[in-house]
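Novice: Please work from the sequences and hints to get the whole structure.
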Amino acid sequence: AQSVAQPEDQVNVAEGNPLTVKCTYSVSGNPYLFWYVQYPNRGLQFLLKYITGDNLVKGSYGFEAEFNKSQTSFHLKKPSALVSDSALYFCAVRGRGYQKVTFGTGTKLQVIP
Amino acid sequence: DAGVIQSPRHEVTEMGQEVTLRCKPISGHDYLFWYRQTMMRGLELLIYFNNNVPIDDSGMPEDRFSAKMPNASFSTLKIQPSEPRDSAVYFCASSKAVMELFFGSGTQLSVL
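Going down the list, the protein sequences come from chains A and B.
Just so you know, our numbering puts 23 at position 2 of the first sequence, and the rest follows in order with no gaps.
Just so you know, our numbering puts 92 at position 2 of the second sequence, and the rest follows in order with no gaps.
To be clear, the hints were calculated from the coordinates, so they are not data collected in a lab.
Mixed in with the good hints there might be a few duds.
Stated by the list, open to error - Selected chain B positions facing chain A (Cβ under 10 Å, derived; list incomplete):
#1 S177
#2 V179
#3 L191
#4 F192
Please read all numbers here as calculations on a predicted model, not as lab measurements.
All C-beta atoms, glycine included, are put in the ideal place defined by N, C-alpha and C.
Specialist: What follows is the structure, given as C-alpha cells:
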C-alpha cells in the first residue's frame, strides 16, 4: 500500500520569508509525486510534479519541491512567501504501475502580512 | 478545453432521497477519479476508472454508493438512499495516463 504523510496541520510564515511545507511518502518502487493547492470553495489545482530526473522541481507561482529518495521526502518550498499563497496544500503519490493516487491530509499555509 | 465539469455545484436533499452527481472529464484523459472531502476525514478516494472500466472501488463507503462511466466523456456517482453523514464535497478528477490530476470545482452535498 502507498501512503503520504504531511506532519504539519498548519504552517505560519511571515510575508517575504521562505516557506517549507513537508511531505513524506511510502510506495513500492520509484514514485510519481505531486503538489496541489486548494483555495476556499475551489477544487485542487496542480502545482508541480516529480517524475524522474532532476531532484529539484520547479512549478507554478514560484514554488519548487525537492525530491529526496533516501529520506522519502518531497518538501514544497518557496523563497519568499506572499499573502496570496495562503491556502491548503496537498502532497500526493502515484506508484509506477499502480494507478491509484493517494493524497496527504493537507497542510494549511498561513502567510502573515 | 473547459476542464473537468461537475454538476450540480450544490445539492441539498433530504435523508432517504437519491442523489446523482455528474462529471465530464477532460477530453483525451483515460483516468477518472471520484473523491470525497470532509473536515474530519480529509480527501478520500472513492473509486477510479481507467478507460471507462472501474479499477478500484474499495473506497466506496457502502452499497448505497455506486458509480458508472458509460463512455469516455461522462461519469455519475449515485447515492441511494442518502444519509446526513454523506454530506461532503465530492470531487471528480481526470488524468492522462499517470500524470497529474485535473479536478473539477466539486459538488457541495448537504443531506438534511
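Novice: Which hint numbers does the structure go against, in order from smallest to largest?
Specialist: 1
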